[in-house]
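Enquirer: Protein chains in written order, with my numbering: chain A, 1 to 169; chain B, 1 to 314.
Note that these hints are calculated values from the structure, not bench results. For clarity, every value in this text was computed on a predicted model and none was experimentally measured. Glycine is no exception: its CB is placed at the ideal position from the N, C-alpha and C atoms. Worth double-checking, as some hints may not be accurate.
[What the hints assert, rightly or not] Using C-beta positions, here's what the derived DEER-type ranges look like:
| id | chain 1 | residue 1 | chain 2 | residue 2 | range |
| --- | --- | --- | --- | --- | --- |
| 1 | A | D10 | B | G190 | 56 to 62 Å |
| 2 | A | A122 | B | R247 | 48 to 54 Å |
| 3 | A | T96 | B | E189 | 16 to 22 Å |
| 4 | A | G119 | B | R28 | 38 to 44 Å |
| 5 | B | F243 | A | D10 | 35 to 41 Å |
| 6 | B | D40 | A | A122 | 52 to 58 Å |
| 7 | A | P100 | B | G225 | 23 to 29 Å |
| 8 | A | P100 | B | P250 | 40 to 46 Å |
| 9 | B | P228 | A | I57 | 54 to 60 Å |
| 10 | B | G60 | A | G14 | 29 to 35 Å |
| 11 | B | R247 | A | P56 | 54 to 60 Å |
| 12 | A | A35 | B | E189 | 40 to 46 Å |
| 13 | A | T96 | B | D241 | 40 to 46 Å |
| 14 | A | S148 | B | S233 | 53 to 59 Å |
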Amino acid sequence: MSGADTSHSDYVGGLFRSHYDWLCSRLHRHLDSRAHAEDIAADTFVQLLSAPGVAPIRQPRALLTTIAQRLMYQLWRRRDLERAYLDALDSDETSTAPSPEELAQMLEALQAIDQLLDGLPAKVKATFLLSQLNGLTYPQIAAELGISQRSVSDYMTRAFNRCLRLCLE
Amino acid sequence: MNDELIDSATHWYVLLRSGQATAGDWQRYEQWRAADPRHDALCRQLETRLGVFQVPQAQGVSGKVLQHALEAPSSRRQVLQVALAGGGVALGAALLAQPLGLPLTELTADIRTGTGERRTVTLDDGSELLLNAQSAADIQFDPQRRLVRLREGELLAKVAGDRLRPFLIQTDHTRLRAYGNRFLVREREGQGQVAALNGAVQIDGQNGERLHLTAGHEVRYNREGFGPVQASSSGATAWVDGFLQVRDRPLAEVIDALRPYHNGVLRLDPAVAGLRVSGLYRLDNPQQILDTLARTLPIHITRRTGLWVTVSAA
């Protein structure tokens, strides 16, 4: 790695030595396996590493808990999404079973899409996905979903508005 | 200011997706985009974010299936909120520091570039890696060897001298050992290429074949094995300076070189994949390259939004 941010890595390294085991055992109480707890704890420090602006941290354990909590949401949401995705594939006759590589890629993408569209109403999501994935025009989407073209256009506005807002955050 | 910017960008994207946008609309959008660097920057960011849809597109997953998956109920969010909310901070200070459970260097090792991004990384030993767009590598140095694992994409290695530790690159299908100090390796979807620019490179294929590539030569390979060794062209490293340089190469190869620079899906009709192409192009504007190609080759470019581009016979 480049030596430019050595002091930050050293700092996070110090936190790692002092708090890694604590974080693992804390997480283990809420996760079904030790390995998962270790993964999440390691990811927590990776996130700290990639945020050089945060040092020095006054209450490292509070911050570590916050980051780890967010990562745990993501892990669980990922499992929920996986289950729902496999169910959806199962009930769709035109789909074929994905290979393990395809499934892994897809779950990664699904999680990103889930975050991208998080908080939008189901109709807005449905509209945006038909445009983005199936390449349908607004009249086609209106017919498919049984809504007016005016609504399609409004829903697309909401979806793009959210995505663009995320870009500027 | 941001609200205004978001509103006008939203207006354009909603219009262009409708299926009713005219050539004039596209032109006015391009003008708007070019009028202010912030406009262009925002569009690029959006295109990067939407790049995630390439995965379901490539796997032929419909909007409907995806919609069902996204409706998954969030099962345990609330339970967790309650469980973690209390106590975490107060427990702290009494616990003793423990020895490292995981080497920190492992955590920092991954390097990665996004669409249209090139990056130079200096390694601990002074070697340099130049990563082309959409590439990823892990650095695994230890006292015995310097190992770089190329997970995907393309890199140019400038290797620093070290008598004790060989410099190795591991890809999905080959392992390279550097004897000189500059070489290039690319592997995407099972298709690879190695060019020895300065000094030799030893290549071990997955079928047990071994090839000794001398300076100034290049070789392509795939799952079946190595192709013929050829004199290396200066085009192989043109991307380092942001160019795509080809001389009498098939269109398919040019399109493959553009993919890491294109946000979205880029489809090529097999009927025109074999057309021969020569030229020097600026990689940073793949849309312009496609337009230029369309002026000189019997091909037609269809754009469904900037993200979904098909190259077919004219």
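Enquirer: Take the hints in turn and mark each one as holding or not.
Expert: Consistency of the hints with the structure:
no., hint, in the structure
1, A:D10 with B:G190: 56 to 62 Å, "41 Å, violated"
2, A:A122 with B:R247: 48 to 54 Å, "53 Å, holds"
3, A:T96 with B:E189: 16 to 22 Å, "20 Å, holds"
4, A:G119 with B:R28: 38 to 44 Å, "31 Å, violated"
5, B:F243 with A:D10: 35 to 41 Å, "40 Å, holds"
6, B:D40 with A:A122: 52 to 58 Å, "33 Å, violated"
7, A:P100 with B:G225: 23 to 29 Å, "26 Å, holds"
8, A:P100 with B:P250: 40 to 46 Å, "32 Å, violated"
9, B:P228 with A:I57: 54 to 60 Å, "58 Å, holds"
10, B:G60 with A:G14: 29 to 35 Å, "49 Å, violated"
11, B:R247 with A:P56: 54 to 60 Å, "56 Å, holds"
12, A:A35 with B:E189: 40 to 46 Å, "31 Å, violated"
13, A:T96 with B:D241: 40 to 46 Å, "43 Å, holds"
14, A:S148 with B:S233: 53 to 59 Å, "57 Å, holds"
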